[in-house]
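Peer 1: As a plain string of letters, each chain reads:
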Amino acid sequence: MPELTTPAPEATGSVRRPSPGRRPSPGRIVAAASRVALADLRTVYTPLTWSVGWLGRIVTQVVFFAIIGLLLDDREALVRLFVGQAVMVAVVEVFMSVASTTWERSTGTLALLVSAPGPLWPVFVGRSLQWIPSGVATSGVALFVVGPFLGVTWTVGAAVAAGLTVLLTACAMYGVALSLAAVVLRGPRWRNIVSNVAHTLVMLVTGVTVPVATWPGWVQALAQTLPMTHGLDGVRALQAGGGPGAVGEPLLWAFLTGAGWFALAALGFTLFGEAGRRDGTIDLDE
Amino acid sequence: MSVVRTVATGVVVQLRQMRGTPDWFLALFTAPLTTAVFVTIFLHAGRGDLTAYGVLAPALIALWQMSLQTAGELIAKDRENGSLEALLAAPAPFAALLGGRVLAVVAVSLVAFAEAWAVGWALTGSPVDVAHPWVFLLVLGLTALAMTGWAGVMACVFVLARSARTFQNSLSYPFYVLGGVLVPVSLLPTWVEWPSRLVFLSWSSDLLRDALAAGPVVGLGARLAAVVGLGAAGYVVAHGLLGRTLQRVRRTGSLAHA
Chain A
1 MPELTTPAPE ATGSVRRPSP GRRPSPGRIV AAASRVALAD LRTVYTPLTW
51 SVGWLGRIVT QVVFFAIIGL LLDDREALVR LFVGQAVMVA VVEVFMSVAS
101 TTWERSTGTL ALLVSAPGPL WPVFVGRSLQ WIPSGVATSG VALFVVGPFL
151 GVTWTVGAAV AAGLTVLLTA CAMYGVALSL AAVVLRGPRW RNIVSNVAHT
201 LVMLVTGVTV PVATWPGWVQ ALAQTLPMTH GLDGVRALQA GGGPGAVGEP
251 LLWAFLTGAG WFALAALGFT LFGEAGRRDG TIDLDE
Chain B
1001 MSVVRTVATG VVVQLRQMRG TPDWFLALFT APLTTAVFVT IFLHAGRGDL
1051 TAYGVLAPAL IALWQMSLQT AGELIAKDRE NGSLEALLAA PAPFAALLGG
1101 RVLAVVAVSL VAFAEAWAVG WALTGSPVDV AHPWVFLLVL GLTALAMTGW
1151 AGVMACVFVL ARSARTFQNS LSYPFYVLGG VLVPVSLLPT WVEWPSRLVF
1201 LSWSSDLLRD ALAAGPVVGL GARLAAVVGL GAAGYVVAHG LLGRTLQRVR
1251 RTGSLAHA
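So the sequence lines, in the order shown, correspond to chains A and B. So for the first sequence, the working numbering puts the first residue at 1; every next one is plus one. So for the second sequence, the working numbering puts the first residue at 1001; every next one is plus one.
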């Protein structure tokens, strides 16, 4: 799946400056960076390109996988593949943060960010947040608008719980994407390869297309470290008629594994900044 | 400079440009994984007989991705890096050079067929047989040529309508459904099947699947004619659009403006 190759726009809006000598808090940095993310979102999509171009493509991706059920002549497979893909599309979009993280390097702002007094990791946590609402929205349209046409129906309670589960899953998978982005910052030309290979691997092992139990033990263990495995379990439980209580445990695991990935991403960005300061490679091309 | 020599130059130039730029090969990185996705779905469903479908689809997806999406950007990239003016001013025919470059991308994308076949073999323990190898190679060649023509169309569209690039991401899955790359269009509702028959890929996909199967390939001539006809339409449209595109950028003086 190709990357959206839009140059990063300049940040809009004013950012309050910290008083001299005081390091800005991570929260304030995330908030400032998220304004850049919002400006990016407005540049990348217009209402028309999002709804006709992007959403249309995503809905067809979900349908493409669902109709494998027609080939298999298996209604259960159709539903399974549909639900898996409908949640997966949120992750696909969240993984665009691997590429958008590197935009700071291509626009020449990375050196300034590294030399700024605040920590580097909150900048990257905030500057690619735009993909989460877009991803959750496309996933929501697939699950709750397209789903009923394929016979996948929801009660109001299940739909609300599923929507929240997709939101948490997308947020937690953002941690996974940022961890990869921290590595890709050292070789930005690999951003699209890493992003696409990684989300296809996620699709393969987390139960999107075949149950996790299909895989050898070590792959299953790897899948358990990915929030998608747990989030998708929760959505499937809700779709199968389980009450909101059915998602408690999957949500907890999605949250815990996501927190672990965010910690890893923060470490990765910090190490990248320190290494760059040490050897002066922050702004050098590959 | 002869047309053939210009085409060959285009091929060489493109291969040189691709070297060292991983993005050009994105589809070749993902094709083995996509093969694993499809084949494991079929194995899990106890339908090992559909392995050929799971092997063919990622290869066709790679061919489509690299041809229409990547090659379709060629003129736009020339414009961005400032080489378009020099290429148009040169005595060699620009269309032949562009054709050669697109052909290089399409040829490289065919590597995905070998990748998908190897992954299918690794996952199932036995290679997918090609029951009608000559039909397979003939259809594959015609499909690659048809792709080249339509990639030329995309190259012009991206220049004529800059907003088209915004919709570039949308050129994938809708065409994978309409092109029947994994699920034959005959299994889809009639209102989807009819427009899909205007997409040359739907004829190619069906023919390639039949070439892998043991049974006879029914109606080969007419189906090949459909691939050739729809592919030729791409060349006709590309030729017309290229002339119009170049005329427009010359008239408006926007040749070098990306």
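Because the hints were derived from the structure by calculation, they are not lab data. Don't take each hint at face value.
[As the list claims (entries may be wrong)] Counterexamples of contact, computed for chain A against chain B with all Cβ distances above 10 angstroms: (1) P24; (2) V30; (3) G108; (4) A111; (5) I193; (6) A246; (7) L252.
[To be verified] Interface residues of chain B toward chain A, partial, derived using beta-carbon atoms under 7 angstroms: (8) M1018; (9) W1024; (10) L1028; (11) P1032; (12) S1083; (13) E1085; (14) N1169; (15) P1174; (16) W1191.
Cβ atoms here follow ideal geometry from the backbone N, Cα and C, with glycine treated the same way.
Peer 1: Determine for every hint whether it applies to the structure shown.
Peer 2: Results of checking the hints against the structure:
| no. | hint | result |
| --- | --- | --- |
| 1 | P24 | holds (35 angstroms) |
| 2 | V30 | holds (28 angstroms) |
| 3 | G108 | holds (18 angstroms) |
| 4 | A111 | holds (24 angstroms) |
| 5 | I193 | violated (5 angstroms) |
| 6 | A246 | holds (24 angstroms) |
| 7 | L252 | holds (28 angstroms) |
| 8 | M1018 | violated (13 angstroms) |
| 9 | W1024 | violated (10 angstroms) |
| 10 | L1028 | violated (10 angstroms) |
| 11 | P1032 | violated (9 angstroms) |
| 12 | S1083 | violated (19 angstroms) |
| 13 | E1085 | violated (23 angstroms) |
| 14 | N1169 | holds (6 angstroms) |
| 15 | P1174 | holds (5 angstroms) |
| 16 | W1191 | violated (14 angstroms) |
Violated hints for the displayed structure, listed by number in ascending order: 5, 8, 9, 10, 11, 12, 13, 16.
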